[in-house]
Amino acid sequence: MTALWLTVALMTGAAVFVVLGSLARRREVPADAAEADVAVYRDQIDEIARDRARGLIDERDADSARVEVARRLIAASDRGGLEAEAAPSVRRRRAAAVIALVGLPLVSLGGYAVLGSPGVPDQPLAARAKQAPDVSRVADMVSRVEAALAKNPDDGRGWEVIAPIYLGMGRADDAAGAYRNVIRLLGSTPDRQANLGEALFAAAEGVVTQDARIAFERSVEGDAPSIKGSLYLARAAQQDGDLPAALARLKTLMERAPKDAPYLGALKDELQRMAEVPPLPLPTGAEAEALKTPEQRMAKVREMVDALGDRLAGEGGDLGEWLRLARARAVLGDTDKARAAIEQARAKFSGDGRAAARLDALALGLGLEGRGA
Amino acid sequence: MIAEAGHYALVLALAVALLQAALPLWGARARDAALMGLGSPLAVAQFVLVAISFAALTHAYVTSDFSVLNVVENSHSAKPLIYKISGVWGNHEGSLLLWVLILVLFGALVALFGRNLPLRLKADVLAVQAMISVAFLLFVLVTSNPFRRVWPAPLEGQDLNPLLQDPGLAIHPPLLYIGYVGFSMAFSFAVAALLEGRVDAAWARWVRPWTLTAWLFLTLGIAMGSYWAYYELGWGGFWFWDPVENASLMPWLSGTALLHSAVVMEKREALKVWTILLALLTFALSLLGTFLVRSGVLTSVHAFAVDPARGVAILLILSVFVGGSLTLYAFRAPVLKQGGLFAPVSREGALVMNNIFLTAACAAVFIGTLYPLALEAFTGEKISVGPPFFNMTFGPIMLPVLMVMPFAPLLAWKRGDALRAAQGLTFAFGVAILGTALVAGFLRGGPTLAPLGVGVALFAMVGAFAEIQERTKLFRAPLAESLRRARGLPSSAWGAALAHAGVGVTLLGIVAATAWSSESIVALKPGETAKLAGMELTFDGVSQRKGPNYRSTIAALTVREDGKVIATLEPGRRLYLARNMDLSESSIATFGFSQLYASMAEERDDGQTGLRLHYKPLVVLIWLGSVIMSLGGLLSLADRRLRVGAPRKAARPAPALQPAE
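First to last, the sequence lines map onto chains A and B. Number 298 in our numbering belongs to position 298 of the first sequence; there are no gaps in the numbering. Number 1129 in our numbering belongs to position 129 of the second sequence; there are no gaps in the numbering.
If you are wondering where the hints come from, they were derived from the structure by calculation, not from laboratory data. Careful, some of the hints might be misleading.
[Stated by the list, open to error] The following residues of chain A were derived to be distant from chain B, with all beta-carbon distances above 12 Å:
(1) P105
(2) G110
(3) V114
(4) R144
[Said to hold, decoys possible] Now the in silico label distances, taken between C-beta atoms and shown as ranges:
(5) B:I1082 with A:Y263: 36 to 44 Å
(6) A:A49 with B:I1082: 30 to 38 Å
(7) A:Y263 with B:G1527: 43 to 51 Å
(8) A:V90 with B:V1320: 50 to 58 Å
(9) A:G21 with B:L1105: 18 to 26 Å
Note that CB positions come from ideal geometry on N, CA and C, so glycine has one too.
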């Protein structure tokens, strides 16, 4: 603020001084105005002489040019007497000085008072980044990290910090780019691949693209496959129309999960969600019309599951069908009917050890054990 | 503090300009040397203040100070430094500040180098310059202030329009503005002459160099703008008769006329009144050009009405300066003494013809540009005046100018001999006929008149040097004698020849690139090949790149001729992230004076990529010719000789024709 006013005062003072200094300067008696013209014509005549000496024009041309210029020169000299300058008057000079001394600051300070914002300091971006961080503003932090990353783009940790924030802010493209950098700089792990896939999935607005699928597949390779990766691969299978494969993947996950795994709830939700979506072929026409609401769709699914149960009870079927029936019942929330299905299957395949084991595993996985096992 | 200091400097510059507009003028009327002497120091002070202000704004851009609204609206922290700087004038407010900076720079130059100007003329000129800068400073401060602040400051700017993020923008507007503003000098001198009621001998000596400077920068600026549009817009066109382009062409046409009539005035003290009128009109057209582009009138008359403060201010400035100066002209012009007489066939006569046709061409452009705007403003009806109108009017008007151009330098002042001049052009005429015949005989396709266009262009190019040939007695005297004479020739003679040849070169480029260009719009899969003008362009596929503030998709093309790789092209599309704007980036390969031009249209779902391919023969000549014109102007400017029009005898003694011993 003080620096600004000091600058303002200096500039104003200098401007006023320019006027006063010029007015105070002593001048020679002003030259005859026509003298400038006469000087130009004299120069022209000299020029003609030079051109003639260099052989650029011949004597006749030089003569006629000289005559023409001389005519103009005489005309200019004739005007001379009439154009004498008036002597500088002290009164006028004083008036000018007062106008400069008062008018100049009046206009400039008055104008600035109306237009300016002297209270607003400069805020260059670099200086702002150094200020204490304002935690409440994510954007501010992001720009700080971005600035750091712009300077040092090989900072893998930085990319790892900012990537989930990008995703949270909805900048999925940037998040994917950041995760790519993380993998490039810090190496690939199942979790990082799964995160990259998730960002790509978000960027594609909920579609598992080829890039995303590759990332997810990498995330489930090795000894410690990523749960998140598997979950998304299940979704990918479902998006491909391969519902059985999707459900199988989820089942496997559930079967492998420790009892107190925090993601069990999410898995169950996912299973439920997938079961709700009618399997292919999708109903069309009037049928689709009848399945508008989730309740209607649910009823339709139940109808199909019941039909399967009836068929298996009457005609029998293979182990796969029985497993599917039990799973579907469990997913639909009919725990008792699911247990019943398992019991029936156990009875049917009583001699088959492998079938029994798979039934037990399913019961375990669906949380149906406790009776008969 | 720096931004506010810049703001204050600008307000203070306004106060200084007010003093500079009033005190020297008062002094000139009262014949008071002390007051007249104030003009120079005030002009310098004003320049220093505006320069401080401009530097402060540039500082805000470079440091990404987003507390300045103008920076928020036109910059982004991720933008490369060069575009942070050029972004200063890449917007309405900043460009007007640049305009004012150049204006006060010219004022300061008069103050510093105009020591030999008569005191009163200098005082009047500086006062008129100051009036212009008062108007513009007020306009900037009140309606288009680049120093408006925002509190609290946003964290990021909205980025500069990606179209403007190009090296072309860094150079184009300053060149154009030096041109526009340079004509303000001619204007100020003209108004000063009208105020005094007489034209000093020094008047012509001063006006011509200023006009020449303005003209050569304007020429470069227009050429630069044309080339920029050519490679940036992705259509392969070099001139669109777009109102923005026309706005710069009009002052160029009348400025060219002014340049030539100023020669007559300087050498023969004739055409005084006309020259003064041209000086007034040229600057009026420069003002119009600045405002047409800056006010938004061109996008729509409605956009103009949305921001009435700016619109009204613009109309006010235009009417005060144009109306005021023309009124002054009406009252004072009869007082000016008319100069020497001349015969119709003479150098003066040819220059008058040049003036008549150039102003007529300018009028045609003026009507074509402004009539649709006026019609929309009054009746609401939207019409579009396109290239056909300009091709029908502008072309035929310019043709006589081009035909007479080689003759004029061969005619003597006061009274000339058309036959002798025609004899001097025999060789040029022969070349033109031969060129036309060859082109018509060997090139298929293209409009019927195109070979004639080539002929006119060749005539202009070769004919431009006829005067040099005559004055150096080349082919008629020993080579040594010719060389000695060539060295003795004033650089302005070389300048005129070069500038006139440049016009021919540009014309040749325009004719060839318009008549014999080939174009192909194709959709290719990687590995596929398109053919154009005897070349094979193989599409190698698409890749992604990341720029500082954009992502780009690039299509790679390999160009082969007879199986040999002669070039690679990489047209692409850039997505600018801050504005989410998608922009085509064309790629150009130059072979001699011809260019192969590729731009990428879109990637399609079926794996094909849309490409627009052009082959433009001799297209580079268009801009090369403009550069040659400007070089001619520069040479002419370097000629510090005083000019005296010496009438040459029509009948020359024979010795020159005798064989060398």
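We went through each hint and held it up to the structure:
The claim that P105 (chain A) lies off the interface is violated: its Cβ sits roughly 8 Å from the closest Cβ of chain B, which falls inside the 12 Å cut-off. Its closest Cβ contact with chain B, about 9 Å, brings G110 (chain A) to no more than 12 Å, contrary to its assignment away from the interface. Here V114 (chain A) does not stay apart from chain B, with its beta-carbon only about 9 Å from theirs, under the 12 Å limit. Residue-level check failed: R144 (chain A) sits 10 Å from the nearest beta carbon of chain B, not beyond 12 Å.
Separated by about 51 Å at the C-beta atoms, I1082 (chain B) and Y263 (chain A) break the suggested range of 36 to 44 Å. Our hint of 30 to 38 Å for A49 (chain A) and I1082 (chain B) is violated, since their Cβ atoms are close to 53 Å apart. A C-beta distance of roughly 47 Å is found between Y263 (chain A) and G1527 (chain B), which places it inside the suggested range of 43 to 51 Å. At about 34 Å, the CB distance of V90 (chain A) to V1320 (chain B) disagrees with the hint of 50 to 58 Å.
For G21 (chain A) and L1105 (chain B), the hinted distance range of 18 to 26 Å is satisfied, since their beta carbons lie about 22 Å from each other.
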